[in-house]
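Enquirer: Protein chains in written order, with the working numbering: chain G, 946 to 1205; chain X, 946 to 1205; chain A, 192 to 424; chain D, 156 to 387; chain S, 23 to 262.
Calculated directly from the structure, the hints in this document are not laboratory data. Treat each hint with caution, since some may be false.
Said to hold, decoys possible - To give a feel for the contact side, a few chain S residues facing chain A, derived at Cβ under 8 Å:
{"#": "1", "residue": "Val49"}
{"#": "2", "residue": "Ala93"}
{"#": "3", "residue": "Val94"}
{"#": "4", "residue": "Tyr105"}
{"#": "5", "residue": "Ala212"}
{"#": "6", "residue": "Thr240"}
What the hints assert, rightly or not - Over 12 Å on every C-beta distance to chain A, these chain G residues come out as not near it, computed from the model:
{"#": "7", "residue": "Arg1008"}
{"#": "8", "residue": "Pro1054"}
{"#": "9", "residue": "His1158"}
Treat the numbers as computed from the prediction; the structure is a model and nothing was measured. Here a beta-carbon is modelled for each residue, glycine too, at the ideal position from N, C-alpha and C.
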Amino acid sequence: MRTETSTPALLVKDVHKSFGKHEVLRGVSLAAQKGDVVSIIGSSGSRKSTFLRCINFLEIPDRGTFQVNGEDVTFRVGRDGKCHPSNWRQIERLRSGLGMVFQSFNLWPHMTILQNVIEAPVHVLGIDRKTAIEKAEALLTKVGLYDKKDAYPAFLSGGQQQRASIARALCVDPSVMLFDEPTSALDPELVGEVLKVIRSLADEGRTMVMVTHEMKFARDVSTRVMFLHRGQVEEAGPPSQVFGAPISARCKEFVAAGSH
Amino acid sequence: MRTETSTPALLVKDVHKSFGKHEVLRGVSLAAQKGDVVSIIGSSGSRKSTFLRCINFLEIPDRGTFQVNGEDVTFRVGRDGKCHPSNWRQIERLRSGLGMVFQSFNLWPHMTILQNVIEAPVHVLGIDRKTAIEKAEALLTKVGLYDKKDAYPAFLSGGQQQRASIARALCVDPSVMLFDEPTSALDPELVGEVLKVIRSLADEGRTMVMVTHEMKFARDVSTRVMFLHRGQVEEAGPPSQVFGAPISARCKEFVAAGSH
Amino acid sequence: MEFGWVLEYRDLLLHGAFLTCVLLAISVIFGFSLAIILAVSQVSDNAVSRWISKGYCTFFRGTPLLIQLWLIYYGLGSYLPYVPGLRTSFLWPVMREGLFFAALALTLNFAAYQGEILRGAMLAVPKGELEAARAVGMSARMVLRRIWLPRAIRIGLPTFAGEVVLQLKATPIVFSVTVMDLYGAAYKIRQDTLLVYEPLLFVTVFYVGLTFLITQVFQKMENAVPVQRRHGV
Amino acid sequence: EIRFGIVNEAYPPYTTKDASGKAIGWEIDLMDAVCQDLKEKCTIVDVAWDGLIPALESKKIDVIWSSMSITDERKKRIDFTDKYYSALAGMAGPKDGVMSVGPEQLKGKTIGIAVSTTQSKYFQKHFADIATEKSYSTVDESFQDLASGRIDYVFADTGPLKEFLKTDLGKGCCEYKGSVAPDDAILGAGVGGGIRKGDDELREKLNGAIKAVRASGKYAEFSKKYFDYDPY
Amino acid sequence: MNSPNSVLDLLSIAPPGWGGVLLVGAVASLLISFGAYLVGMALGLCGALGKLSGLGPLYFVFNAYTTIIRAVPELILIVALYYAGTDGLNRILAAADLGPIEVNGLFAAIAVLGFVQGAYMTEVLRGAILAIPVGQLEAAKAFGMRPTLRFRRIILPALIPNALPGFANLWMSVIKDSALIAVVGYQELALATRVAASNTKQYMLFFMAAAALYLVITIVSNMLFSALEAYFRRGQRPLS
Ligand SMILES: Nc1ncnc2c1ncn2[C@@H]1O[C@H](COP(=O)(O)OP(=O)(O)OP(=O)(O)O)[C@@H](O)[C@H]1O
Ligand SMILES: Nc1ncnc2c1ncn2[C@@H]1O[C@H](COP(=O)(O)OP(=O)(O)OP(=O)(O)O)[C@@H](O)[C@H]1O
Ligand SMILES: [Mg+2]
Ligand SMILES: [Mg+2]
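Isolated chain G (complex conformation) (with noise of 0.2 Å):
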């Protein structure tokens, strides 16, 4: 976690988040240069999700510092002694610029594929409708989805809604992809085709954060593994140390738990 070279992508330190009173994330750091992939592994309920969405702030964390392409969020501390935003601007900003795929795709019904990938650019970035047309169709070639683009997301199977995320995610050109277990609502035969997808994102060199389940493909992308346990990082390393000689007992289980 200590590899500040360059401007990091994504440099996140010391989050503490409570829900009432009870405390999930106890202190987690991260830090993503350009190119890496992090992948975070840990058993169900180690608060993994909680981090992830910390990082965009769908969840405001309590405590912490973060920085985005070297940009500083800026946090006031509120009369219930919690950290607010100081700024909803920076943070809508910052967002567009961490692209987030969900464990249940979370396209909306109401539109195309086509028109849930340049919703945002257009409204959000306000491109002009025909450039990101453009940019939606070559992503969605990409994905294998050009064929789809003028379905409605209710009409596709559970991977290519998941492409389709995926595709949207990227229009609006995102420093960093964040991934919330982007498989794990795919039955087996679907699981595939997206980490086809994903595998071809990390070969670009793209900065990616990943929640998975998928051991054996973290361990094959990643350039980083993080393991946590409980809300905090219990094992953090190169993903051939983390998976191969993992130092913390609970670690070791669990890495060997999930190669059964």
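We have chain G already, so just place chains X, A, D and S with the ligands on it with the hints.
Expert: Using the frame of chain G, we list chains X, A, D and S with the ligands on its own:
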């Protein structure tokens, strides 16, 4: 499929079934002796569920012969040229001898776990309440849910719900247990606990028919494995044969992909 | 059955039918706009606006339309002449008419029901879809405008169709504030001729026809976004 | 036994109810007098305007006794007794000192009239091109609008009009402007009891009784309680 | 215009105050509504099961029932059903050589409103039944439950929470629709209000009193329905 020695617990022959013009089952047969564990495998859409549902008449097959514990199910041919059970009472009676465990648990949400488990014994079999409760508590202990007996299903994890639904199915003393992908709605960490319960049932010598995607498990616990493809039995035999040396090309492919 | 009167009263009937349609259109359009405000403020974080909208909906859903109409027309309306300048303003010819108050009461009432439905529909939009919108950097306002409301309206569409029909059926009440809508026309004809059923039958056919039309329009709107049908229920 | 159908909306002074639910009013007094004369037992049946004809036809009531004016159009559906009072048509308006109701006073004014009444017919014949008619389902509603200034005049039966002007609300805003010029073709028909077509026996009985009540002076006696004129 | 004293006098329970008339009217409204509600619920249950039975003729009959009743204004339905209904009944009785019967106003009001409510109840119940996850019914079938047992033990308890919001709405609407019963001459709250208002010419006072009474009735009913729903949803996880 041709092992007819003593009275088989379940004997199903040449099941045909169409939805509209679409013929989905094209002559599937299955025989299970007491104590057999039959696994049905096959890719998605290969009609595994439909076949299993025909066994306990949740789908009415168009054609086929059925024998449960030596008792023939009688059909009459209706005006539409299809079979209809000639005696719904018989079907209802036989159904209670075929314990079904669904992929999505299907616990009744308005009853506590204990109420779920004693519902059928008390109201279908007419066992008195006290005896039923004793039995239910014993079963809940066995699946490790005794302490949750007064909770409502919505407050249990998926794995706990599935174990409760197994206890519910067991409580009517079925001669055959039917499982339809009992673990695929669970996340990987919960799968284990359910498989453990199923394995213990197999060890007890219960007759079971099980649709599953867990190849490794199927291989370990089954006495027979059946590979369905497009509504036909493409390969069947002991697990060592189906997994180790499949004859059919499709089965070979499927088994190879399954152990990726 | 005797329908000779239809010709004799045709102007009255035509005008009545026209008024019925106008009242329906006005109250649905303005009521729906108000309903959006009510629904949004009910799901907002602002406690004051939440309570105001809640109170509004409770009052208008909790009392009969007839009483609301009387209160607005005979109550509110009877104080209007005392508003300085209003009697001489260009608004007066409109504002002293029963039609104005009838439209107002129907609108306020429709908004209350619609606001409740829309609120439910907004809560029924899967949270993930909203998060996806936030995650691409949409502001709260844009999420509302581009994703939340359009989705909620679609979810509520089948219910809206029913509500518009209910609204149509509520319009006869305006006759009690001197608006000669179609029902009012039928009432007059019944009093004049002492025919009991024929005028009512005539009106019924009109309402049923209009209902059919409304249902068709909404069906068209629903079909605009195809949804995959669940099979086997 | 004769069952009298009386509309359950208040129409003072002819019929109304007091707070204990008892029917009172001029028409009730007349009914009592008529029944006394006939030595019949009479019952009052509450009916809504909407239900008068069906109630009559399905024999729930025997006579409509509820200020129903006699018109040719209505005679096609039911029979009427002889008139028992005349709907004297008068107007009420704001207190402005103008005390007559000729065409020059009404010019350009809005006049409230209950729907399908004699007054409405009269208006159509005499004032239709100079003033605007506004129809009300009950005369009561037109009084409220008169008080709030939405209309300039109410054109109604003199009885209810004067009754209204006696209340605080009426006293506060308005005054009696006078009666309109007589027109026997319209105003002469008056108000009678409505009877099932062909029920001639009852009609004759009631006609006789109404005559007798008038002749005996009873009519004038109870009318005095309500009117400062002879309503016949 | 009116001193507080005269307001109190006008609203006092005992005559000459009109408060008693209003209260009796309110009780009548409640009685009609409650009766109609029960009748509607019974009809609705038949209607929903009939529509879902898959039997052509049954579906046709109930579909016609719900479509027609829901398309025609209540006011017209009440007038038509009440008068044509009693008329028809008496004609049938006459044909059978029986004398006409006197239909009690309260009874008729309940029957007519209940018949109208039934159409709406049918749709609410049908929706509630369709909203039960199919799996729960299949699980019941898989245990060999007979249709009646299935209905009693699984469908009924599962549909109640689904149907309660719709039921609550219908209850509110039947209370307000009961005001329309005035057209058949039965004095409930709305008519009582008019009578009181036109006798005293204190329109606003009585309209507001009536509005307050209706509001009290609906708010109290809302609280009851919320409590009921909380009870029937006890097995469901609260939304966070
Ligand atoms: N809004 C919330 N309010 C209260 N508790 C919450 C909320 N969101 C999450 N939690 C709690 O935080 C804990 C961790 O949740 P999280 O989803 O981050 O785990 P996870 O590692 O992503 O698990 P999984 O692998 O199952 O997705 C859970 O126990 C959950 O109950
Ligand atoms: N009620 C129905 N009406 C029409 N078609 C149906 C119906 N039920 C199932 N099918 C069709 O039958 C086919 C097989 O379904 P089935 O669920 O049996 O497959 P499966 O092998 O269980 O697949 P999976 O592994 O995904 O559960 C599907 O293509 C589906 O479209
Ligand atoms: Mg998660
Ligand atoms: Mg299946």
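Enquirer: Each hint needs a verdict: does it hold in this structure or not?
Expert: Tested hints:
| no. | hint | result |
| --- | --- | --- |
| 1 | Val49 | violated, 16 Å |
| 2 | Ala93 | holds, 4 Å |
| 3 | Val94 | holds, 5 Å |
| 4 | Tyr105 | holds, 7 Å |
| 5 | Ala212 | holds, 6 Å |
| 6 | Thr240 | holds, 4 Å |
| 7 | Arg1008 | holds, 21 Å |
| 8 | Pro1054 | violated, 7 Å |
| 9 | His1158 | holds, 19 Å |
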